[in-house]
Amino acid sequence: MKKQLITHLVGFCWLICFKGTQHFSSAVNRCDDPMLCPDYATCTNARQGYYCTCQRGFVSTSGATEFTDPAVRCNADACAASSVCPAFATCENIPGSHRCACKRGFASSSGEQYFTDRKVKCKDIDECSRDPSPCGPNSVCTNKRGSYACTCPPGYLPSSQPGIPFSCTDIDECSRDPSPCGPNSVCTNKRGSYAGGYIDECSRDPSPCGPNSVCTNKRGSYACTCPPGYLPPSQPGIPFSCTDIDECLDLASCPASATCTNTPGSHFCTCNTGFASSSGEQRFTEPAAQCNDIDECSRDPSPCGPSSVCTNTVGSYACTCPPGYLPPSQPGIPFSCTEVASNDPVRTCHNRRLDAAPSSSPDDAAFCTLLTSTFSVLGDPYERKDSTVSLVKAAAGFASILEQTPSWSNLSTEQLSTMATVFLQRVESVLLAAFANPTGKGNQTIQMEQLDVQTKVIEDGCPGKDSVISLEVKGETMKISCRTIQGTVAQARAGVAFASYMGMESILNGSFFHGQRATSVWMNSRVVSAVLTSQTKSDFPDPVNYTFQNLMPSSSPDQLICVSWEATAWRGSWSRAGCGVLHSNATHTTCSCNRVSNLAVLMASGEITAGFPLFLVSHVGLALSLLCLFLAILTFLLCRSIRNVNTSIHLQLCLCLFLADLLFLTAVDSPSHQLACSIIAGLLHYLFLACFAWMFLEAVVLFLTIRNLGVVNYFSTHSPKMRHLSLFGYGFPTLVVAVSAAVMPQGYGRQEK
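Reading the sequence shown from the start, the letters are residues -23 to -1, 1 to 730 in mature numbering (1 follows the signal peptide of the UniProt record, and there is no 0).
Check each hint, because a few of them may be wrong.
Claimed, not checked - Distance condition first, Cα-Cα at most 25 Å in a straight line; then the derived SDA-like pairs of lysine to any residue: (1) K451 / T315; (2) K451 / Q536; (3) K167 / C151; (4) K195 / N166; (5) K456 / L593; (6) K121 / I141; (7) K121 / I102; (8) K80 / T67; (9) K451 / H565; (10) K451 / S483; (11) K451 / S367; (12) K167 / P185; (13) K96 / A55; (14) K370 / E380; (15) K442 / K456; (16) K167 / N189; (17) K451 / L409; (18) K698 / F669; (19) K167 / C192; (20) K433 / T524; (21) K514 / N562; (22) K98 / F65; (23) K167 / E178; (24) K514 / L409; (25) K195 / F217; (26) K442 / Q424; (27) K370 / T422; (28) K451 / L593; (29) K80 / G123; (30) K98 / P131; (31) K80 / D108; (32) K98 / R122; (33) K514 / L559; (34) K100 / R76; (35) K98 / S86; (36) K451 / G487; (37) K451 / Q424; (38) K100 / V61; (39) K433 / L409; (40) K698 / C668.
It should be emphasised that the hints constitute simulated quantities derived from the structure, not laboratory data.
Work the whole structure out from these sequences, hints included.
Structure (structure tokens):
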């Protein structure tokens, strides 16, 4: 122990004497200590100490060339190789690696500011493509590698003061003396240039020569002329102007059967309908061109339709039917010939009227008499005539025919079908003829006792793409799209008519409905007609909606059928094709159809048990009953002074009646599902049974009261308990309904017939 202490003491003295003097001696070389500088570094002794520098090929982690911080290390210089970064890039060493950055005026292809991927290149930035230009307005920007240069175009000066943004200022050449335009001239400074010389009067706006003219500038003046097709002013001294020559005043401008149309400075010819130009052009100006007649009858198929005779005429053609065929009865529809059956009743009556031959039977005589009177008012379908028609006179004729409908009851079903078909087709024919009358009125509304007719005409196109036209007659409404009225082919005059007939519904009953018996189908609205001038009568893109007044209230929408009258060879019947019920209530039904047929009606199938007056009285009476019952319930609940057994029974009776009436008024016609209907029927059965049970209990209490009038304070000691009365008043109906539902569940609900 003593020996170790002496050894330490000697070592300490040696350090003090030798090493201490070396630290404070400036002549001592500190770089003798190899631990002062890191690896790959060179130590250099200095006057005040030392410093370290990294060897060639290495760089310090601090970025300093000379350092003394012992934490600094020397890493390999990754930027020593020239291929580390691409051209136009600088290399920067970072701890353990390096990174490249493009020089000013260049951008990396990867879009990164710093990168190490050797595939990335530095591309020149086109500063001149920026908006706004870095050179300012009125300047020329020239892109260079890594930079750009700004210059001024001719006629501009660059900014004279350094340090301000580059800009070019226009040079006012006209301010120079002498003027660059020369003597006796007008110098006009322009942006970057100037204009000089004589004044160009023709450059003025408006032109000094006026419209439709040609202005030619001259030295010190100008001249005005007119182009071909225009005439100069005939009188001197007035302002120059060119007047269009109307070439169509010269009859020789266009050939025969052609129409001349004047245009500014020219004209053109078009062949009339039924003719075609010899040049093949629709519009032409060649004087040698001619308009030749078109043989429409040579077309295949024939424009007259099958089984017809087409005769070509100058500029047109005529269609006729051979013997045994009937032409169309309605003007404005495509011509077609219908073969006449040997037993055609209309043809038979027509021939008898012409030949004055007697009828074979009294029934046929009555039928032909009615048909002849119809022909005399509305026209014979076998005599196709295109004449002007007054809608007011036609409506009077319709009314006179409808006044005779009671006499139709003596006709057979086939004869009724024929009469109705003839009447409806002649009505449509007359309405179309009224639309074709160019002198006729447009929108009209005619109201008579037997019928109402309303027409609307569209002459200047539809007011909007989705505009809807509404018509109303005798409470029935028709809503149709304006583009449906116009049709697929634009018409100069398009129209729609809507008519409602009084009494026709009693003639065209349910016996004319396909697949139904008259005893199970009723007519439930008036008969109406809709007529369009468009050739398209069905498959409309927009449905046509008809709203009818119900003659009798309907209890369910399932019982309603929207039908239209379909006629074939003077026979007709009701058909539901193309129409369906959109929505309905007790008073009105709306049908949505994709067609406009001769007749659209509403029919009701099923059992109709109540008329509208009874429907109205029932609902008003139930509403008043509910109000009174509600007041009675409030009285029994709030007046404690009158509360006893009798008033408690009255309260339960009023509650049952109130709930039964409320359920009957609001829910009896609403449900269309069989289960919901059965539940409502069961509740009504239960509530009305409860009413009778509480009335029975009231009678029992009244009997006990009268029998024990002589007993003092009888009810104070023998008063029945309400829980016992409620057990019978509500328990007995529950038992009856439960047994009924178990024995015959189909007894609750509506059974379709």
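Results of checking the hints against the structure:
A hinted pair counts as satisfied when its Cα atoms are at most 25 Å apart, and K451 with T315 does not qualify at roughly 35 Å. Proximity of K451 to Q536 is assessed by CA-CA distance (about 24 Å); at most 25 Å being required, the pair is judged to hold. For a cut-off of 25 Å, the pair hint linking K167 to C151 stands: about 9 Å separates their Cα positions. Straight-line distance between C-alpha atoms of K195 and N166 comes to about 22 Å, which keeps the hinted pair within the 25 Å bound.
Between the alpha carbons of K456 and L593 the distance comes to roughly 28 Å, so the proposed pair goes past 25 Å and is violated. Distance restraint check for K121 and I141: the Cα-Cα separation of roughly 21 Å lies within the 25 Å cut-off, and the hinted pair is therefore satisfied. The hinted pair formed by K121 and I102 meets the criterion: a straight-line CA distance of about 9 Å does not exceed 25 Å. At roughly 7 Å between alpha-carbon atoms, K80 and T67 fall within 25 Å of each other, so this suggested pair holds.
Of the supplied pair hints, the one linking K451 and H565 holds, its CA atoms being roughly 13 Å apart against a limit of 25 Å. Restraint check: the Cα-Cα separation between K451 and S483 comes to about 17 Å, which is no more than 25 Å; the hinted pair holds. Among the hinted pairs, K451 with S367 is consistent with the structure: their alpha-carbon atoms are about 21 Å apart, no more than 25 Å. As the CA atoms of K167 and P185 are separated by approximately 23 Å, the hinted pair is consistent with the 25 Å bound.
Our distance criterion of 25 Å between C-alpha atoms is met by K96 and A55, whose separation comes to about 17 Å. Restraint check: the Cα-Cα separation between K370 and E380 comes to about 16 Å, which is no more than 25 Å; the hinted pair holds. Between the alpha carbons of K442 and K456 the distance comes to roughly 15 Å, so the proposed pair stays at or under 25 Å and holds. Restraint check for K167 and N189: the C-alpha separation of about 30 Å exceeds 25 Å, so the hint is violated.
For the proposed pair K451 and L409, the alpha carbon gap of about 21 Å is at most 25 Å, so the pair holds. For the proposed pair K698 and F669, the alpha carbon gap of about 19 Å is at most 25 Å, so the pair holds. For a cut-off of 25 Å, the pair hint linking K167 to C192 stands: about 24 Å separates their Cα positions. A threshold of 25 Å between alpha carbons decides the hint, and for K433 with T524 the separation of about 18 Å falls inside it, so the pair holds.
Among the hinted pairs, K514 with N562 is inconsistent with the structure: their alpha-carbon atoms are about 29 Å apart, more than 25 Å. Taken as a hint, the K98 and F65 pair is honoured in the structure, with Cα atoms around 9 Å apart against an allowance of 25 Å. Annotation: proposed proximity of K167 to E178 holds, straight-line Cα distance about 18 Å (limit 25 Å). Using a Cα cut-off of 25 Å, the hinted pair K514 and L409 holds, with the two alpha carbons roughly 13 Å apart.
With a CA separation close to 17 Å, the supplied pair K195 and F217 stays within the 25 Å bound. This hinted pair does not check out: K442 and Q424 have alpha carbons roughly 31 Å apart, beyond 25 Å. Distance restraint check for K370 and T422: the Cα-Cα separation of roughly 13 Å lies within the 25 Å cut-off, and the hinted pair is therefore satisfied. Taken as a hint, the K451 and L593 pair is honoured in the structure, with Cα atoms around 21 Å apart against an allowance of 25 Å.
Distance check on the hinted pair: K80 and G123 sit about 8 Å apart at the alpha-carbon level, within 25 Å; holds. Pair hint K98 plus P131 does not hold up; C-alpha atoms about 38 Å apart against a cutoff of 25 Å. At most 25 Å may separate the alpha-carbon atoms for a hinted pair to count; K80 and D108 meet this at roughly 23 Å. Taking the CA atoms of K98 and R122, the gap is about 14 Å. The hint holds against a cut of 25 Å.
Of the supplied pair hints, the one linking K514 and L559 holds, its CA atoms being roughly 20 Å apart against a limit of 25 Å. Straight-line distance between C-alpha atoms of K100 and R76 comes to about 17 Å, which keeps the hinted pair within the 25 Å bound. In summary, the hint linking K98 to S86 is supported, as the alpha carbons are separated by about 5 Å, within the 25 Å threshold. A C-alpha spacing of about 22 Å is found between K451 and G487, which places the hinted pair at or below 25 Å, so the restraint holds.
With a C-alpha separation of about 8 Å, the suggested pairing of K451 with Q424 holds against the 25 Å cut-off. With a C-alpha separation of about 17 Å, the suggested pairing of K100 with V61 holds against the 25 Å cut-off. Distance check on the hinted pair: K433 and L409 sit about 12 Å apart at the alpha-carbon level, within 25 Å; holds. With a CA separation close to 19 Å, the supplied pair K698 and C668 stays within the 25 Å bound.
Hint compliance for this structure: hints 1, 5, 16, 21, 26 and 30 are not met, and every other hint is.
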